[in-house]
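J.: Below are the chains, spelled out letter by letter.
Number of protein chains: 2
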Amino acid sequence: MAWAEYLRKKETEFIEDLIDFVSIPSISAMDEHFEDVVKAGEWVVERLKRAGIENARVMETETHPVVYADWLHAGEDKPTIMIYGHFDVQPADPYDLWDTPPFEPQIRDGKVFGRGASDDKGNMLAPILAIEAMLQTRGTLPVNIKLFYEGQEEIGSPTLAPFIREHAKLLSADMIFSSDGGQFSEDQPQLIQGLKGLVGCELTVQGPDADKHSGKHGGGIANPIHALSLIIASMKDDEGHITIDGFYDDVIDLSIEDRAAFARVPFDEAAYIAQQGVTDTFGEPEYTTLERLWGRPTLELNGIWGGYQGKGTKTVLPSIAQAKITCRLVADQNPDQIFEHIKAHIERHTPKGVRVDVEKMAASAQPFLSPAGHNASEIAGRVLTEVYGTAPHYVRIGGSIPVMSMLLDTLGVHATVFAFGLDDENIHAPNEFFRLSSFQKSQIAYCKLLEEFGK
Amino acid sequence: MAWAEYLRKKETEFIEDLIDFVSIPSISAMDEHFEDVVKAGEWVVERLKRAGIENARVMETETHPVVYADWLHAGEDKPTIMIYGHFDVQPADPYDLWDTPPFEPQIRDGKVFGRGASDDKGNMLAPILAIEAMLQTRGTLPVNIKLFYEGQEEIGSPTLAPFIREHAKLLSADMIFSSDGGQFSEDQPQLIQGLKGLVGCELTVQGPDADKHSGKHGGGIANPIHALSLIIASMKDDEGHITIDGFYDDVIDLSIEDRAAFARVPFDEAAYIAQQGVTDTFGEPEYTTLERLWGRPTLELNGIWGGYQGKGTKTVLPSIAQAKITCRLVADQNPDQIFEHIKAHIERHTPKGVRVDVEKMAASAQPFLSPAGHNASEIAGRVLTEVYGTAPHYVRIGGSIPVMSMLLDTLGVHATVFAFGLDDENIHAPNEFFRLSSFQKSQIAYCKLLEEFGK
Numbered sequence: 039m040a041w042a043e044y045l046r047k048k049e050t051e052f053i054e055d056l057i058d059f060v061s062i063p064s065i066s067a068m069d070e071h072f073e074d075v076v077k078a079g080e081w082v083v084e085r086l087k088r089a090g091i092e093n094a095r096v097m098e099t100e101t102h103p104v105v106y107a108d109w110l111h112a113g114e115d116k117p118t119i120m121i122y123g124h125f126d127v128q129p130a131d132p133y134d135l136w137d138t139p140p141f142e143p144q145i146r147d148g149k150v151f152g153r154g155a156s157d158d159k160g161n162m163l164a165p166i167l168a169i170e171a172m173l174q175t176r177g178t179l180p181v182n183i184k185l186f187y188e189g190q191e192e193i194g195s196p197t198l199a200p201f202i203r204e205h206a207k208l209l210s211a212d213m214i215f216s217s218d219g220g221q222f223s224e225d226q227p228q229l230i231q232g233l234k235g236l237v238g239c240e241l242t243v244q245g246p247d248a249d250k251h252s253g254k255h256g257g258g259i260a261n262p263i264h265a266l267s268l269i270i271a272s273m274k275d276d277e278g279h280i281t282i283d284g285f286y287d288d289v290i291d292l293s294i295e296d297r298a299a300f301a302r303v304p305f306d307e308a309a310y311i312a313q314q315g316v317t318d319t320f321g322e323p324e325y326t327t328l329e330r331l332w333g334r335p336t337l338e339l340n341g342i343w344g345g346y347q348g349k350g351t352k353t354v355l356p357s358i359a360q361a362k363i364t365c366r367l368v369a370d371q372n373p374d375q376i377f378e379h380i381k382a383h384i385e386r387h388t389p390k391g392v393r394v395d396v397e398k399m400a401a402s403a404q405p406f407l408s409p410a411g412h413n414a415s416e417i418a419g420r421v422l423t424e425v426y427g428t429a430p431h432y433v434r435i436g437g438s439i440p441v442m443s444m445l446l447d448t449l450g451v452h453a454t455v456f457a458f459g460l461d462d463e464n465i466h467a468p469n470e471f472f473r474l475s476s477f478q479k480s481q482i483a484y485c486k487l488l489e490e491f492g493k
Numbered sequence: 039m040a041w042a043e044y045l046r047k048k049e050t051e052f053i054e055d056l057i058d059f060v061s062i063p064s065i066s067a068m069d070e071h072f073e074d075v076v077k078a079g080e081w082v083v084e085r086l087k088r089a090g091i092e093n094a095r096v097m098e099t100e101t102h103p104v105v106y107a108d109w110l111h112a113g114e115d116k117p118t119i120m121i122y123g124h125f126d127v128q129p130a131d132p133y134d135l136w137d138t139p140p141f142e143p144q145i146r147d148g149k150v151f152g153r154g155a156s157d158d159k160g161n162m163l164a165p166i167l168a169i170e171a172m173l174q175t176r177g178t179l180p181v182n183i184k185l186f187y188e189g190q191e192e193i194g195s196p197t198l199a200p201f202i203r204e205h206a207k208l209l210s211a212d213m214i215f216s217s218d219g220g221q222f223s224e225d226q227p228q229l230i231q232g233l234k235g236l237v238g239c240e241l242t243v244q245g246p247d248a249d250k251h252s253g254k255h256g257g258g259i260a261n262p263i264h265a266l267s268l269i270i271a272s273m274k275d276d277e278g279h280i281t282i283d284g285f286y287d288d289v290i291d292l293s294i295e296d297r298a299a300f301a302r303v304p305f306d307e308a309a310y311i312a313q314q315g316v317t318d319t320f321g322e323p324e325y326t327t328l329e330r331l332w333g334r335p336t337l338e339l340n341g342i343w344g345g346y347q348g349k350g351t352k353t354v355l356p357s358i359a360q361a362k363i364t365c366r367l368v369a370d371q372n373p374d375q376i377f378e379h380i381k382a383h384i385e386r387h388t389p390k391g392v393r394v395d396v397e398k399m400a401a402s403a404q405p406f407l408s409p410a411g412h413n414a415s416e417i418a419g420r421v422l423t424e425v426y427g428t429a430p431h432y433v434r435i436g437g438s439i440p441v442m443s444m445l446l447d448t449l450g451v452h453a454t455v456f457a458f459g460l461d462d463e464n465i466h467a468p469n470e471f472f473r474l475s476s477f478q479k480s481q482i483a484y485c486k487l488l489e490e491f492g493k
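So the sequences go chain by chain: A and G.
Mapping to the numbering used here: the first sequence position 122 is 160, numbers consecutive.
Mapping to the numbering used here: the second sequence position 85 is 123, numbers consecutive.
Incorrect hints may appear among the rest.
It does not matter which identical chain is used: a pair holds within one copy or between any two.
List time: in silico BS3-like cross-link candidates among lysine-lysine, alpha-carbon distance up to 25 Å [said to hold, decoys possible]:
no.	residue 1	residue 2
1	K184	K77
2	K486	K184
3	K349	K381
4	K349	K479
5	K486	K390
Keep in mind the hints are simulated off the structure, nothing from the lab.
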C-alpha cells in the first residue's frame, strides 16, 4: 500500500489544496459569481493534470460549465467507472452569522471551515488525490476512470441533462460513484438507496400597483401578504399534511419492510431535536420522524418577502408579496405533474382582489431509488465495511441530486453515492465545515475502491 | 386683502422654500437620519423667524425633537389657536421606483415631487407663509398663535405624549388646527370627523437555530415561514373578517345615520379600484367599501420576511420568519387591549415545533371622533365653503394621527384638520407629490382662517 504512504506524506499539501479550492466563491445561484464558477472548474482541471490525468478539460453547457477528464489506459477488458461531484457552492448569506468569512477558509479543531468545504469541494477533491496517489506510486490504475464534475448542482443542474444527452458516448461508464453525499456518522458507514426528487416555484402575489398607506386603504383593498399567507396556509395544515389535490397520488407508500428497515437504523430523536435547535419535531403524525425525512414527500417554504422589512414602522399596505417553495418528491411522483397540481391549487385558493403568478423553478429532479443487489453498491459496501470495520446502514436521504436521475435516464446506470460528509457540517448554512479526518478517510476509501477492481 | 398680493408676489420664493425643505431627508424611522430630522426642525425655526415669529425654538423630547413657536400679541381677550404639523417623513424605499430621487425635489406638471412634499412638509409650511403674509402686510395678527410641529409623526409619535403632558401650560390653546390631513378633491372640501387609532406589533417565528438544508430536514422539523403563514391566516379570513377573539368587542358599530352620511359622499368604486391598480375591492362584505375604509377597524400586514430572498434557488429550511402587523382602530377600541387580544391569539395559534415572540410597536393611538357642532370645525367649515365655493363633506379617514388624541387627552381640545393634501399624491409610496395649486390654496385658506377670528 505505497499509496497510503504517499497520502500521509502529502497530507499538509493536500489540505492546502482544499483551502485554495474553497477560497473560490463559486456560487452558481448568483450571476455575479458566474466567473468564479468557471474559475473553480479551471482549478479542478489544473489539479487533475497535476494528479497525472492529462486528458482534462472545462466544457461549456448552456449555463454553468462542467469538467470532464479520463484515464483509459487500464485496458479494454477492465471496467470503466465514472466519479461524479460538483465544484459550485451554495450562497453564503447571511454573512454575519459566520464566525470566519465563508471564502477565507480556516482550520479549527481539525476542521476546515468555509462555504463548500463539505458540500462538495472536500468530497470531490478526495478521489482526485486518491488517483494521484496510485498513479504516482504504481504508474497505473486498476480500472479505466472518467471524472465528471459539474458547476450547477446547487441550482438544481438546470442545463446538465441536455449536456449529458449530447455527450452520452463520452460519458458512458459501467458504474458511477458520486462524491456528493455523506456517511452515517464518524464511525458508521452507510449506503444510500434513495434520494428525493425536486420541484419548486416562485409565487408572486400582486395587490395594488404601488405600496399604499395602510390607514387610507386598509379595509378597502386586499393585502398581498395576507393573501400569500392564506395561500401558503392552504397548502399544508398545522400537522404537516400537504393539502394539495393530487399531491400524494403517485407516492409509493412505505412498505412494512421499508418501515422495519428504517426502524433498525439508530436514530436518536431527542438528539436530533437538540441538534436542530427546535422545541419538537414536526410533520405527518402517522409517520416516524425518520420515515418523514427519508420516505415522505415534503413542501417547504425557502423564502418569503414583501413590504417593509427595515427597522421601526412603515405603515404600508404593500404592492407585492413573494415566496419561494420547493417540494422534495419520492418515487413515483413526477416533478412536472406535481408542479401542475401546485399551480392549480394556488389558482383555486387565490382570494379576491389580488393576482398571482406562479413561476416554475428552472431545475427539477426525479426521485431516485436504487435496485436491490446492485453491483456497484455491493462493491462500495465491501470497501466501506473494510474502512470502517462495520457494515453500512442502508438508508435514504431527503436531499436531491438531480444528476443521479439524469445519469440513469441517459446512461442507464444507477449511480452509487460514495462520499464522506457528515450531517452536522452545516452545509447550506453558516459555518459549513469538513473534518480533516473525513478528508483523509475519503482519500483512503477511494484508493481501496480502485484496488477492489484490481482483485 | 393685502396678504393676497403678498402671497402672489412671493409665489416663486415660497416654492423654492418648499423645495429646500423637502430636500432634507428627515426620515424618523431610520436612526441614520436622526440628524436630518433635527436639521429639518432647525430649518422650520429659521423659517418661522424669517416669517416674523421671533419666539421659535427646537425643543428636545426623549427621541425626535419638536418645534414650538408663538406670537401672543393679539391681546388677552383674543383666543389662542394652535397650528400643528410634522416635519419628519416616511422612508423612501424602494428607491428604484421613483422617477426622480426622493430628496432632490423637482417640479413637473405643476407638482412638486419628493418624499414629504404632501405629507406633511407642503401642508405644514403653508400656515407659516400665511402668517408671514399677514404680519408683513398688517404688522399684526387677529388672534394669538402657537405653532407646534413634531419630528416623530411617521413613527407614531412615540415620545410626544410625555412631552405634551410636561409642557401642557406652554401648549394650552382654545382651538387646535392640524395641517396634517387633506381635502376631498381639487374642488370639494371636507371636514374630518374621525380618525382611526393605531396599534401594531412585530411577530417573530423561530424555527431551527440556523438555516437548514430543506432536503435533509424537510418533514423533520417545522418551517417557520409555514408557521407564520398559518398564524397570519388564522387572524383574518378570506373575506376580510378579523378572527381574533375580542377584536370587535368594543367597536361602536356604524349607526343608520352614519351609514346614510357616508352614502351621501360621492365615492366612485370603479374609479377607486382603477386608482389602486387592483382587480377588485376586498373586505367584510357586510359593509360598503367606504364604510370599511372610514368606519371599520383593520388588520394589515406591513411587511414579511424570512429565508432566501435573492435570485435563483436556495433550498433552505429557514431559521426565522418575521412580519410587521398594524391595526387601525375605531371608537371605542383600546390599543393596549387590542394588542393583548392579538398576542393571546398568536400564542393560541402557534403550531408545534416553533417559538414565537410578539413585540408591541412603540407607538399607538386612540381612535378619534369629533363631537357634533364643534366650534373650530364650524369656523373651518365656513372658511372652506368660501375658498372652494361649496360646503365641505363630513368624512372620516382611515389614517391615524396619534397627536390628535394626545392633545385631546392633555389639553382637552378636539383638534380640527385643516390641510390640503389629496388622495392621489402617493404619500408613504414612491413618487409622492404636492400640487402647487394646493400649496397656494392652503396659504390663502390659512389667511382666511386667521381673518375669520378678526370678524
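J.: Hint by hint, say whether it matches the structure.
T.: Okay, the hints, checked on the actual structure:
1. K184 / K77: Intra 21 Å, inter 69 Å, cutoff 25 Å: intra-copy only.
2. K486 / K184: Cα proximity of K486 and K184: one copy only (17 Å, versus 90 Å across).
3. K349 / K381: between (34 Å within a copy, 21 Å between copies)
4. K349 / K479: neither (48 Å within a copy, 37 Å between copies)
5. K486 / K390: Answer is neither; intra-copy 63 Å and inter-copy 46 Å both fail.
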